[in-house]
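Given next are the chains, with one letter for each unit.
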Amino acid sequence: MTAYAYYPGCTLHGTAIEYGLSTQAVCRALGVELRELDDWNCCGASSAHAVNPWLAHGLVARNMRLAGATGLDALAIPCAACFARFKATQQALQDPETAAGIEEVAGGPVPRDLEVAPLLAVLTEPGLLGKLEAAVVRPLAGLEIAPYYGCLLTRPAEVAGFDDPEDPQSLDRLLRTLGADVVTWPGKTACCGSSLALSRTEVVLDLSHRLIAWAEEAGANAIATACPMCHSNLDMRQAQMRRAGLGSHAMPVYYFTELVGVALGIGHAELGLSRHVVDVRSLVERVPAGARS
Amino acid sequence: MHAVAIRPSPSAPGAAGFRELVAFVEGASGQRLRECYQCSKCSAGCPLARAVDLSPQQIIRALQLGQPELALESRGLWMCVGCQTCVTRCPCEVDLPRVLDALRAYALASRRTVALREVAVFHRVFLETVRRLGRVYEVGLIGGYNLVSGHLFDSVDLAWPMLVRGKVKPLPRRVRARREVAAIFSRAEARRERDCEAARSPEVAR
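Residue numbers (the working numbering), protein chains in the order written: chain A, 1 to 293; chain B, 1001 to 1206.
Simulated from the structure, these hints should not be mistaken for laboratory data. The beta-carbon is built from N, C-alpha and C at its ideal position, and this holds for glycine as well. Check each hint, because a few of them may be wrong.
Here's a subset of chain A near chain B, in silico, CB distances under 7 Å, partners left out [unchecked claim]:
(1) Gly14
(2) Val136
(3) Pro156
Listed next, with one range per pair, are the computed distances between beta-carbon atoms [claimed, not checked]:
(4) Ala1159/B / Glu166/A: 36 to 42 Å
(5) Leu1171/B / Pro186/A: 40 to 46 Å
(6) Arg1117/B / Asp181/A: 54 to 60 Å
(7) Ala157/A / Leu1152/B: 21 to 27 Å
Stretches of chain A that chain B covers, calculated by requiring three or more beta carbons in the stretch to come under 8 Å of a beta carbon on chain B [stated by the list, open to error]:
(8) 35-43
(9) 46-54
(10) 102-109
(11) 176-182
(12) 256-266
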């Protein structure tokens, strides 16, 4: 069994509860042990770095200290925004002077050799992808999915150190392994407007509407994402888009872990599929049960 | 976004305030502003360029030409969400999101006019929640934002759908070590103040 220290981040206990539920269920099924950090704190995304970089690093550093205390070498993070903040602090720690400042703010030594991995990287690591392929009992035949990576899983490349920043492939590969079709579309790494959701809602509606429209034009019947921020903007705001005259979308938006769970035959309740605003259950209910073709 | 003409200002680059700002921004961001040769790739890829007054490349240009007020008081400064497209494509490897992070820290520390007040209010309410609870609590965040911003009914249409789907809890979860988290806030603020002080000292050379 592979074991990871696990940092869920605030949203997985709140607006992205289904991402948390499906992550736990899928990792259990695949023999990946997740050990949640004890008494972890918010990493500060997306506000701390915007007003005080020292605060951003200090908040992340406390969690890295907790991760170091687990004795595990790797930390798995499902949320793309949290992942990006941990990687930014890791990069800042490479400069000795900055590192001294971060440890002063954090209140103690911060581990340097921790591997920080987005959950998507954990589940698409070659060994696990093979295991997953063998464990698929309900191939997602007939699903045409737009793989949506968003901004922060892969950018900036030298900080994230994961996949390709302009045309990433890991989620594409994962979805194909599950038996789904992957559409080619221009929105893979485009921005949804992120944390402007409350303060500049019109901007978020505009950008998120554009993403959904692109997915529709490409023939997708669903979008798969790995970011709670992207998910809440795309899933929860389709009614607001309609009222603002921005299309009339009814686009199901999945967390990639939910699709993995469905393909593994895990129950919809356990995966949290009823938690979406736009229904995601009827689409996967149409998937025929049985062996892959 | 081309409403503002940015011209070289004969006096400003030598002014003490400007040197201080550049010293702070370059120190806090680890970036050299003069490396930018204004190719505009950042602005071409910026998802928010059409919603702002100064585009990413114009913000850098304002700083290069000694017109920091333009950058400090721009909407662009507060509209950036850090999508990292600009730095990914920059041929000079200027990390613009980090430049803007430093510039916002400076604007707040020196109590400048904030062009997009709601964005600053959001950050303040968000961070106050984290300081008090150790984590984000969405109900408190939305409620607090609506109260402080004066937009009382924003996002209330999302409250019911979120509640019935178990996406928001009636009460916040708190971190046990809240004092430890609050201490990180205090030390980080002290550090930012100290950096601003240091940038103000006469020894700062350009």
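List of violated hint numbers, smallest to largest: Failing hints, ascending: 2, 6, 7, 11 and 12.
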